[in-house]
Structures are given as C-alpha cells and as structure tokens.
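There are 2 protein chains.
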Amino acid sequence: MNTLKSFVQDEWVEGREPFATLVNPSTEEPLARTSTAGIDMGAVVDHARSVGGPALRELTFAQRGSLLLAWSKALHSARDELISLAMQNGGNTRGDAKFDIDGAIATLAHYAELGTQLGGLRALRDGDAVQLGRTARYAGIHLWVPRDGVAVHINAFNFPGWGTAEKAACAFLAGMPIVSKPATSTALVAFRLSEIGAGVLPRGTFQFLCGSPGDLLDRLGPQDVVAFTGSSQTAARLREQLARRGARLNVEADSLNAAVLGPDVEPRSATWDLFVADVVRDMTQKAGQKCTAIRRIFVAGDRLPAAQEALIERLAQVRLGDPVRSADVTMGPVSTADQLRDVRAGIARLASESQLVFEGKTTETKGYFVPPVLLLARDPEKARIMHTGEVFGPVATLATGADVAGLVRRGGGGLVCSVYSDDRDFLRKCVLEIAPYHGRIYIGSEKVAGQTMGPGTVLPQLLHGGPGHAGGGEELGGLRGLQLYSQRVALQGDRALLDAIAPEKA
Amino acid sequence: MNTLKSFVQDEWVEGREPFATLVNPSTEEPLARTSTAGIDMGAVVDHARSVGGPALRELTFAQRGSLLLAWSKALHSARDELISLAMQNGGNTRGDAKFDIDGAIATLAHYAELGTQLGGLRALRDGDAVQLGRTARYAGIHLWVPRDGVAVHINAFNFPGWGTAEKAACAFLAGMPIVSKPATSTALVAFRLSEIGAGVLPRGTFQFLCGSPGDLLDRLGPQDVVAFTGSSQTAARLREQLARRGARLNVEADSLNAAVLGPDVEPRSATWDLFVADVVRDMTQKAGQKCTAIRRIFVAGDRLPAAQEALIERLAQVRLGDPVRSADVTMGPVSTADQLRDVRAGIARLASESQLVFEGKTTETKGYFVPPVLLLARDPEKARIMHTGEVFGPVATLATGADVAGLVRRGGGGLVCSVYSDDRDFLRKCVLEIAPYHGRIYIGSEKVAGQTMGPGTVLPQLLHGGPGHAGGGEELGGLRGLQLYSQRVALQGDRALLDAIAPEKA
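Taken in sequence, the protein lines are chains X and P. Position one of the first sequence corresponds to residue 211 (my numbering), numbered consecutively onward. Position one of the second sequence corresponds to residue 211 (my numbering), numbered consecutively onward.
For reference, chain X alone in the conformation it holds in the complex (with noise of 0.2 Å):
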C-alpha cells in the first residue's frame, strides 16, 4: 500500500508505526496509509520561523502572488488526476470534486492577482494618513505587517483541495510561513496538492504534515497563527490550549446555515426557482458535507406545502451511489464511517422532535451511503435540536413561524444565511436583524437568478467565517484574510519618515 509523506524542512518523510489508513468510502477499500510519527515538531517550527518567514517577507506582494499563480497552474495541470484522487477517496461525484479541486485553483489565483495590483510593496496600508500636530507633517498612519512566527493550518476533511488551497494563499501573501495539516480520512487530495506546492514555495515557506501533528501546538507563541477548521468540540480544546501559549487562533466550526424564503416569491417565479434549487444543491452537494451548506429552511407566509412539495419533488431525483463506477450518480457516500454513524445518529435526534417528511433510497450494500432527508418541524419556536446540533450530511429541517429572523438568530450565529426574497422592505428588515449573527449573507432574487452559485459557494472575494456557533473566526474576504496573518501597527512621527519606512504605494 501506497505510504503518503510529510513535508518537512524541504524534505520529503515517511512515518513510522502506527499508520492511519485512507479509505474509498464508497467501497471501504484502503487507499493509502500516513504517519507522522517521528516528525520533529520542534525542528518543523524552528525551520518555518528561521528560514521561511525570513525569505518570505523579503518578497514583494507582487513575488509572492507570482508564486501563488504558479501554484494555481501547475494545480491546474494536474486537475484530472487531482479530481480522480477526489472521487476514490473523497467519495465525491466528479461535479463535487471540481467544486474543490477549481476552489483551489481559483483562490490560489485570486490572491495571485491581489499581490500583482499591491506590486512592490511588502506591508498593507490600512486606511489614510491622519494628521496629528498643528500642520500635516506631524502624521499617524496604520500598517498591516506579517507576523513574526509560524502559521499552522488544520484543515477539514471535507475540503482537502479548497480548504488548504484558501488558508495557504491568505498566510502566504500575508508574508507567513506555512505548516499545513490536512485530515487524515482525505489526506490524499491534500497531500498531491502540497507536493505540488512544495515544487513551487521557496524553502522553509510551506510544510505539510501528513496525519497528526503530535505535539506542534504546545511549540508555538504569540506570533504565531493558528487557523483551525472541524468541530466545535475540538475548538474548544485549541482554544484552551493555544490561550495558554499566546498564540492567535482562527475558528471555523459547526454552523446550522438556514435559508429564508420571504412572503412575497410566487411558486414557480423566478426567485422561488433559485431558493428551490439552491436549497437542493446546498443540501446534497458533497453529500450534505459542507460547513455552508444549508440545515434549517424558514418559509415565511403562508406557502410552506408548496415549499415542501417542490423541495421533496428535487429531492427524490437524487441518485445516489459510488460515483467512480458509474457517472450518472449525483451523491456520493459521507467521507468514513465514523461520519455515516454520526449523520445516522443526527438524523435520529432531529426526528425525535420534528416529522421526517422525505427519505430518499440507496441500493448500495457497502461504503457509507446516506439517502438525502427533509424533516418537517411543527413548533421551531420551541425546537431545540434543530437549532443546534449539526448533522454533517444531506439533512435539513423545514418550518414556517411568524417571526422568521428570530428563528435564524435561534441557530447562535452561522456561516452565511441565505435569504429569497424581492421585497425591500422584508429584506431590509430581516437581513439587518440577521447580521450580527453571520459572517455572510446571500440575497436570492429574480435579478440575480441566473449568476449566482448558491450560497454555499464561499469566494474569495467575500468573508467566510461567523460569530458565536460558527466559531468567530474570519477567513477570506480578499485583503481582509490577510489580516488573520498581520499585527496592526499605528506609526506616528514625521510624514516623510512615515513613507519612507512604509510607503503607501509602490
């Protein structure tokens, strides 16, 4: 069997006892063992903060996006091997593979293009001069400048392409050296990826850690930059941990993302289409295993049936089954059996408080297939589960109520929220009693019908992350995800020594 490596100080290692092994989820046939038993994590910190920040920051915005593009391409050389890699141990349908595997290559392009138009320049001026003294000599201005130490990323099983491609282009033209640690379960999509990468990054900028990452977190210090996403659980224990040692952490976590369809959408006019779609897609796509993808649905007004019917119509043209053998399947499994236990085990507790309306079928006798679910709840007022315990899988949950942002607000704070509606006024209303509560809102409506991809497409462009719940974390956001990775710095002095040690402009 195939052993997967770890990147460290520039070289390529093998592990040793005990090995974690990769599976095909949709035939739990092993794939590929990795270990990182062995690692030093002290050496593994020491290179990144002695050789990678230095070479790192001496490069101008424009030569590290130069680096990222080339990232980007040779990604995209390799795109058709990356994808198969997705299906056998992703369990994704080719169409979810290249929502990962062309996440990665477009973010890993769009910050290229930011480092091209910030050109010569290798600290971030955050907003304009401000005078000071009695004339404009005296002056304050505010910089964003890399952190001095390390950033460890710890990316989720869901998004191996994506997921470490986003957090890496965000450290890297920040001006911070990367070690990145992939899940285990899908580590092979990660670890092509990287391997690809370390051919591009100069020395000491990029690591990878192929499987645990052992005692790493207990090395690190206030300079150093923690971006973390998986369960709220194990944030919680990060949290703790790196408080301890100063050091900054970035959570991404569970997020119960509903979606609103306001009183106004017609059946079968243009916005209802797109939150009938949408809904679907977020649902199903990667087999529910999205942090963005959509878990509670509101109807409010008064069409909650037809809601239901046209949901349930789409739902029951799902075909689920092993995407590798046959190219019409538009589902695949969950990733590994302990995530088939915990849907299966979600499902149930939803069920124990809302109606299950919709179970779609599966044929398939191994790997860890769940058929999709639409539970209806009759009293989301007083529900609880439905609200706060996410089931990683191709569930939600159904409702109407009058007061429809309050029920949203019921999840303590999400990824994105998406809202269907053309009505200003409900809009106004709803989006802004929403807002303290997400990271992101998608507004659905007939004149953006035919361009968007949903809500649970996070871009580059805008902030993924959210309050309370969804962990507090900010990622993305174009130049805002650079700041994860900076000090914010005022200087005062003298006007021209200010531009001279940080000039504004190239």
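Since the hints were made in silico from the structure, they are not lab data. Mixed in with the good hints, there may be bad ones.
Claimed, not checked - Just so you have them, the derived chain P footprint on chain X, three or more residues with Cβ under 8 Å:
hint	stretch
1	349-356
2	432-446
3	517-530
4	644-658
5	683-694
Where is the CB? At the ideal position from N, CA and C, for every residue including glycine.
Please build the complex by placing chain P on the supplied structure of chain X, with the hints as guidance.
Then chain P, alone, in the frame of chain X:
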C-alpha cells in the same frame, strides 16, 4: 463617609455590606466606600440587551455622536471638580489629573465628531463593493453591524476618567449598550464621570457598577463583548471564563514599552532633547502608572554614558509629594498600598540583575510614595526580569547593545515603542523589525520635536493595544475602535437591493 452608588436599570442604587474603602494615597485617609453586593447582575444584562441595545441601534451615527458630545461638554463643565477628585483619590498632580480628565473629554468629542461625519447611517461599510457576476448587478459588500449584546468594560485604576470614556465612546458609537466597571480603589472620578454620563445617555444604554462585577461575566454569551484593561493574571482568568461562554474579549495588559535612541542622535540636538524629555515624562507622569510608560531604554551606538547622565540630571529635578497640599509637586504617590508593595518588590527584582544608578528621595512619612529609579543593565541580552516583569511605577532600565531591535522584541509584545532618530535607514530597519511586536510605534525626530506629546499619550486617532505580552487587543484608532463591538458581515446579491438594505452614504 460618602457611599458611592451604582447605576443599574436606570436607577442609582447602593450596595450592601461588605463595603470597600477608597482612600487618598497621599495621606491614607478614607474618602468614600462602595459595594455592588445585592445587585442582580442578570437584570443588569437583561436591561442592556432588551432596552439599551434596541434604543441605541435605532439611533443613527450622528445621533449617537451628538449624545457623546453632550457627555463630553457636561464633563467639561465639571472639569475642576473632576480634577480635584483625581488629585484626592488618585494622588495625581494637577497635570496628571488634567491628562486623565482632558483625555476623557477629548476622546468623547473625537468620537462625537466621527459620528457627525457618518451622519444618517446605522451600519458602516467596510471597503468598496465588489462585482461577483458577469455584470455589475451581482455584487458583494461588507458591513460592520452592532453586535446584539452588551459591552462590559472593566477599567484599570490608573485612568478612571480617560479609560472609562475611551471604552464607552467606541462601544456607544458602534451601537452597543454599556456596563462599565471601574477599579474600585480609584472609583471616585469614574463615579462622577458616570453620574454625568447617566444624565445624558438614553435609558438602558449605560450602566455603572461601582465595585465587584459579581457573577456578571457568567451571564454573557456570544454576542457580548468584554473590554478589559489590567493585569496579565486577571486577563488569563477572563480568557478561560469567556471562552467557555463564547463572548468576545479584548485585553490590554502589561507592556514593557521601550524607547530606542538611534546612533545618529547627537547630544543636545533637538532629537536628543526630545528623547530625554519624553523618557523622563513617561517614567514619572502619574508616578509611572501608565500602561504606555517607558520601562526599558535602549541606546544604539556609543552614547550610553551621555544618555544616562542626561536622564539622571532630569530625574533629580522631580519633586515628590502630596499634590493636594503643595502645588509645586511634580510627582505624586502610587495609587494604593498594594501598588506600593508591588513596585518596591519589582525594583528589588530588577536590582538583582541590573545596577541601580539613580534613586530619588522623599521626605514624606505617610502615603504610597516611590521616588523615581533608574537602573543600568550590563548584559541586556542575558537579562530576563527587565524584559518580562513590568514594574508599574517610576522605574526604568537603561541598556545598550548591538541589536537594539532584538532587545526591544525580548519584551514579547508591547503597546508602544518609541524610536528617536533622523536616519531613514536606521529607522526603516528598526521600525519594520519591531513592528509585528507592537500596536503603535512613535518616531521622535527633529521635525516633530515641537509638536508631539510623547509616546505615552494615547490618541483617539491611533490604535491602542498590542500583541503578545500586551494582551493582543485593539482599541481606538478612529473608526477601527468600533470593530470590537461590531460583527463584520458580507452581503451578496443584486447591487440595488444591497444599497437599499445598507446604504453607502446617508
């Protein structure tokens, strides 16, 4: 004895036994007593969330600003009274007291003016709109919206006026209701300032707890914010407690602020004189009880003896005593008996690794007086205590070394560093090397020598806070100060709808 009250649910209430006693640190005479025992902290939080938050979010930025201006003006009318309270309860000289009170008045006025500039808006745009689709119609914007919770302010004993006002100005303008808690020992100024504020601000938007916060923090959740100024030890406890509750925490803690004298600076030049004046002011103002005070002085180049001589000459002119009794006193006592004990112990620890080269004198027999102290570190690269143990009094350690930026960084992150030089190459290298370790860097040079107030003066236009040792927080910095109290949210959809939901201009 006068019993101070708390302002909860829009009423002034007295706590019950046990009371804490506020004293005059020059004479050790009791001034007042206070307690929050018996106050229902759950009701405090509910009142802020249910009455204050909605009322405040209804107001435009301009309306919020005009209320801050009213508060600022009302403080100005009570300026002499407030200065007198600061001299009695804080041991402040008249100049120290003005620094605190005028800082409060000016900061409120600054945020009032920012509110006026934002006019009829209620949510702040973050950056420009971006095109997301094939046409400009499908777009994304980012907004800062007020968090749907309560802002709890835990202030330090050293700036009862300015500290209370700067936190309140940012939270109020951002749109969050406030619960403000002063340090009990010097609460007289904060009490009077809050009494004046309570007469001006709308119902529920401002509450004041004159004493212990009781179980207040255990009642907070993910939409709430705590802004804390104080010790690293308390900060560590708060981090753990608030991480469990999901509340956002901003910390402004200890800081081993450094001053760096560039190798180009000739004795008795304008830059040299600025360095000497700034260092002595920032060692002795408020008896060194400033989080931004200079604790470490690094001379790059070979002018250590001249610098030492110049500093001692000035320090010897400090007149220590009770500012209430004698108008010619230039430094008062530290604020409490505990502070006196801590400062004395800190000086002893510093003297165990560095040489005491100057110690002032006092003839006072009562009160918490500490004469100014200057130490000289012979081997600052090996020294540990000077870089890690903040002594919150009129005490600093002088040193020289080949790598002054490296010495500065050994402080592990600070609020402010001052660099004195007119040499662009030296400044560029030094400032960029220390930038990731600071929230603010002050550059003292010939051209600004007549205009600056020194590194220890926190300006509302510039960030206040610092990474690592300093707590990792950010306050002030103009509109940046509102971000702590806001959620950043991306909105995507039809550009016309986005502009209807959250207009760019009022």
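Coverage of the stretch 683-694 of chain X by chain P, judged on three or more residues with CB within 8 Å: holds (count 4)
Are there three or more residues in the stretch 517-530 of chain X whose C-beta lies within less than 8 Å of some C-beta in chain P? Three-residue rule not met by the stretch 517-530 of chain X, so violated; n is 0.
Can you confirm whether chain P covers the stretch 349-356 of chain X, using C-beta to C-beta distances below 8 Å and requiring at least three such residues? holds (count 5)
Within the stretch 432-446 of chain X, is the number of residues with a Cβ closer than 8 Å to a Cβ of chain P three or more? Answer holds; 3 residues pass the 8 Å Cβ test.
Taking 8 Å as the Cβ threshold, is the statement that the stretch 644-658 of chain X is covered by chain P upheld or broken by the three-residue rule? Holds, because 13 residues of the stretch 644-658 of chain X bring their Cβ atoms closer than 8 Å to Cβ atoms of chain P.
Of the numbered hints listed earlier, the single one contradicted by the structure is hint 3.
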